[in-house]
Amino acid sequence: DAGVIQSPRHEVTEMGQEVTLRCKPISGHNSLFWYRQTMMRGLELLIYFNNNVPIDDSGMPEDRFSAKMPNASFSTLKIQPSEPRDSAVYFCASSSYTPGQGANNEQFFGPGTRLTVL
Amino acid sequence: SQKIEQNSEALNIQEGKTATLTCNYTNYSPAYLQWYRQDPGRGPVFLLLIRENEKEKRKERLKVTFDTTLKQSLFHITASQPADSATYLCALVSAGGKLIFGQGTELSVKP
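Just so you know, the protein sequences line up as chains S and E, in that order. Residue 71 in our numbering sits at position 36 of the first sequence, and the numbers go up by one each step. Residue 141 in our numbering sits at position 87 of the second sequence, and the numbers go up by one each step.
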């Protein structure tokens, strides 16, 4: 298995532009997570999906951020319009989780997308 | 509010010694706690999970303890090697499979 795939690996854009980050989870995993990592705030959960349904989006900072998971093998995180303070590394992770079964919930992370907003 | 704290300062140790990293939490009662390793430019990699009813878990040179009374987990690397140099993150598992991560502790093992 190739693991979690993210694209692009690096993105440099100007303030006000729309940015779309993409993620392909590991085949067979039913949960997908989007994180943001900065030096100041560490690794923060933005949103997660279970069986393609958004379960908790309380970490999404503003309405400028949106995420979709149209099918089990693809998810996007969109920022529109982007701002310099959105500069960070964005990670996608997937896991195999069954509510109520006390699953291991080991999460497999992708390589991340380093976003720079000028 | 819920809070997770790890050693804020980098930990520097000599090769062959045991590294001990600390994870403290407040206002939370997790059923599980996980430890991850993160190398520069890469995503975190899962190392170990420990359940609330387990006091200790081992995997090769790694050992994790979980004290729900003290609200603390300790992560030990015995016979440390320069290749163990990385940032180590602890994460609490909440209901719904959501992970809440600490800030991480940077470990540097000198030859």
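Treat each hint with caution, since some may be false.
Claimed, not checked - Selected chain E positions facing chain S (in silico; Cβ < 8 Å): (1) Phe-100; (2) Ile-104; (3) Leu-128; (4) Lys-152; (5) Leu-153.
Simulated from the structure, these hints should not be mistaken for laboratory data. All of these numbers come straight from a predicted model, not from anything done at the bench. Positions of the beta carbon are idealized from the N, C-alpha and C atoms, including for glycine.
We went through each hint and held it up to the structure:
1. Because the beta carbon of Phe-100 of chain E sits about 4 Å from the nearest beta carbon in chain S, less than 8 Å, this interface hint is met.
2. The beta carbon of Ile-104 of chain E comes no nearer than 11 Å to any beta carbon in chain S, farther than 8 Å, and the hint placing it at the interface is violated.
3. A least Cβ separation of about 20 Å between Leu-128 of chain E and chain S goes past the 8 Å threshold, and the interface hint is therefore violated.
4. This hint holds: Lys-152 of chain E has a C-beta 6 Å from the nearest C-beta of chain S, less than the 8 Å allowed.
5. At about 6 Å, the closest approach between the beta carbon of Leu-153 of chain E and any beta carbon in chain S falls short of 8 Å, and the interface hint on this residue holds.
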